[in-house]
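Novice: The lines below spell out each chain.
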Amino acid sequence: MELLDRYLLQIEKFLPLKDREDIIQELKSLLLEDLDNRMMEGGNQDDNLYQVIKEYGEPREVALRYRSDSPIFSREMEPFLYMVLKIVMITTPAAILLAKSIDFLNSGDPFNFINLLINMLYSIPDMFSAAVTAAGFVFILFYLIEKYAKPNIKLDVPEFEPKHLPQVPRKVYKVSLFESIFTIVASIVIIYLLNYQPGLIAIYYDGDSIPLLNNGFTKLLPVINTSILFAAGIAIAHAIKRRKTFITTTLEFMQTVYSGVVLALLASSDIFNTVVIEGYELEIIPRLFVIGASIGATLTILGAIVTYAKVIIARSGSEEFIKNTINKLDK
Amino acid sequence: MVEKANILKNLQQELRKGTLVLAVLSQLKTKHYGYSLVETLNNKGLFIDQNTLYPLLRRLDTQGLLVSTWEVVDPRPRKYYELSQFGKTILSQLQRDYENNYHVLSDMLKEEN
Numbered sequence: 001m002e003l004l005d006r007y008l009l010q011i012e013k014f015l016p017l018k019d020r021e022d023i024i025q026e027l028k029s030l031l032l033e034d035l036d037n038r039m040m041e042g043g044n045q046d047d048n049l050y051q052v053i054k055e056y057g058e059p060r061e062v063a064l065r066y067r068s069d070s071p072i073f074s075r076e077m078e079p080f081l082y083m084v085l086k087i088v089m090i091t092t093p094a095a096i097l098l099a100k101s102i103d104f105l106n107s108g109d110p111f112n113f114i115n116l117l118i119n120m121l122y123s124i125p126d127m128f129s130a131a132v133t134a135a136g137f138v139f140i141l142f143y144l145i146e147k148y149a150k151p152n153i154k155l156d157v158p159e160f161e162p163k164h165l166p167q168v169p170r171k172v173y174k175v176s177l178f179e180s181i182f183t184i185v186a187s188i189v190i191i192y193l194l195n196y197q198p199g200l201i202a203i204y205y206d207g208d209s210i211p212l213l214n215n216g217f218t219k220l221l222p223v224i225n226t227s228i229l230f231a232a233g234i235a236i237a238h239a240i241k242r243r244k245t246f247i248t249t250t251l252e253f254m255q256t257v258y259s260g261v262v263l264a265l266l267a268s269s270d271i272f273n274t275v276v277i278e279g280y281e282l283e284i285i286p287r288l289f290v291i292g293a294s295i296g297a298t299l300t301i302l303g304a305i306v307t308y309a310k311v312i313i314a315r316s317g318s319e320e321f322i323k324n325t326i327n328k329l330d331k
Numbered sequence: 001m002v003e004k005a006n007i008l009k010n011l012q013q014e015l016r017k018g019t020l021v022l023a024v025l026s027q028l029k030t031k032h033y034g035y036s037l038v039e040t041l042n043n044k045g046l047f048i049d050q051n052t053l054y055p056l057l058r059r060l061d062t063q064g065l066l067v068s069t070w071e072v073v074d075p076r077p078r079k080y081y082e083l084s085q086f087g088k089t090i091l092s093q094l095q096r097d098y099e100n101n102y103h104v105l106s107d108m109l110k111e112e113n
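Note that the protein sequences, when read in sequence, are chains A and B.
Following our numbering, the residues of the first sequence are numbered contiguously, the last one being 331.
Following our numbering, the residues of the second sequence are numbered contiguously, the last one being 113.
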């Protein structure tokens, strides 16, 4: 039956969100009904199930029959789109980084590796912005090609082989699509606000707005940007794969610890505009921020360690061993 | 030759597509779940793929032509479909249209040039 779960999971990926659960439940019931009938004619359950799935067809094709809308990009066009997107999203930020580094080296200041590194970190928002803009252009370009040029691409699609269906992820490797999309959108908004609209974080009084944060915060921006981009990158990987892998889980652990460190760094730095704080008697804000950020940093790091430990335990298969040991201790 | 075969296949599919909905609606005067409906249609000589029928049932259900209910029948839950009141009205209208078309077409096809 594991093969059926693997098959249904792949179909589920392409189904409309609101009907997903009902369609999968119905499909499961119908495919099992088919299996039961074949079993009455004899044969092995695994072989019969293999045949039921093979005859029912490739998961994406099956799911598309349940959709009234057609996909934006055809199956033939998708590999080209992904290839160009990958190239553009690597080369555009790399070109920006190279240009900024050359600019820094030509500035006439004596060469210092740390300064070069800091300069590179400050380039992150521009690299991010360039990559998103370039990806957007590629997407629009491919959309126009698909809609108006309608290229006749012949793709050798291999015959559907149920045995090649990906495994069902273990519980710790399951991913929420909503959570991934939320992280990506939130990352873009935060990066934009912090880097391009920092004046919005201000005290609004009597029609005036006075920035709440000082240069100390601006100096920490590169490390904050790195943390946010790191999180967005992992969320993108999860949204595409629809599951976590051991590598992305490890990266997620590293990112969470890193963001905890960034929070601690923010808590211990002088980032508030003292003129505003003292002028408006708002000393409570930095105090509350230090307490909140310190607690947040501690909980973030501890949470990351606990979550990752669970993954390691599940991966090593020692879950049973630990449960048995606890049971023995209880006795 | 291959192209001619494809043309015939496409035309046959188009011809069949229109009558498929009528056939499905006609059998849903009594309650059926997906697999039992495939069997019924197959037994009556109308061969239909499961992966064509199941999405069609959902579409007709969404359009309000059918009423669907989940029922737990040993050994597993099944989703049953049956004509709704609106579905019955549509079926009788479609039936009239089909019979009319059938007579007109039959006469046309009998004509000798």
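FYI, nobody ran anything at the bench for these hints, they're computed from the structure.
Just so you know, these numbers come straight off a predicted model, no measurement behind them.
Be a bit skeptical, because a hint or two may be false.
Straight-line alpha carbon distances no greater than 27 angstroms define the calculated DSS-like cross-link-like pairs of lysine-lysine that follow [as the list claims (entries may be wrong)]: (1) A:154 x A:18; (2) B:31 x A:18; (3) A:150 x B:9.
Coverage of chain B stretches by chain A, computed from C-beta distances (three or more under 8 angstroms per stretch; other residues unrestricted) [what the hints assert, rightly or not]: (4) 53 to 63; (5) 76 to 84.
By construction, the Cβ of each residue, glycine as well, lies at the ideal position given by its N, Cα and C atoms.
Novice: Would you mind marking each hint as holding or not holding in the structure?
Specialist: Quick rundown of the hints versus the structure:
Proximity of residue 154 (chain A) to residue 18 (chain A) is assessed by CA-CA distance (about 33 angstroms); at most 27 angstroms being required, the pair is judged violated. Restraint check for residue 31 (chain B) and residue 18 (chain A): satisfied, since their Cα atoms lie roughly 25 angstroms apart, inside the 27 angstroms limit. Between residue 150 (chain A) and residue 9 (chain B) the alpha-carbon distance is near 24 angstroms, which keeps this suggested pair within the 27 angstroms criterion. Look at the stretch 53 to 63 of chain B against chain A: 4 of its residues bring a Cβ nearer than 8 angstroms to a Cβ of that chain, three or more, so the hint holds.
For the stretch 76 to 84 of chain B, the assignment as covered by chain A holds, since 4 residues bring a beta-carbon within under 8 angstroms of that chain's beta-carbons and 3 suffice.
When held up to the earlier numbered hints, the structure conflicts with hint 1 and nothing else.
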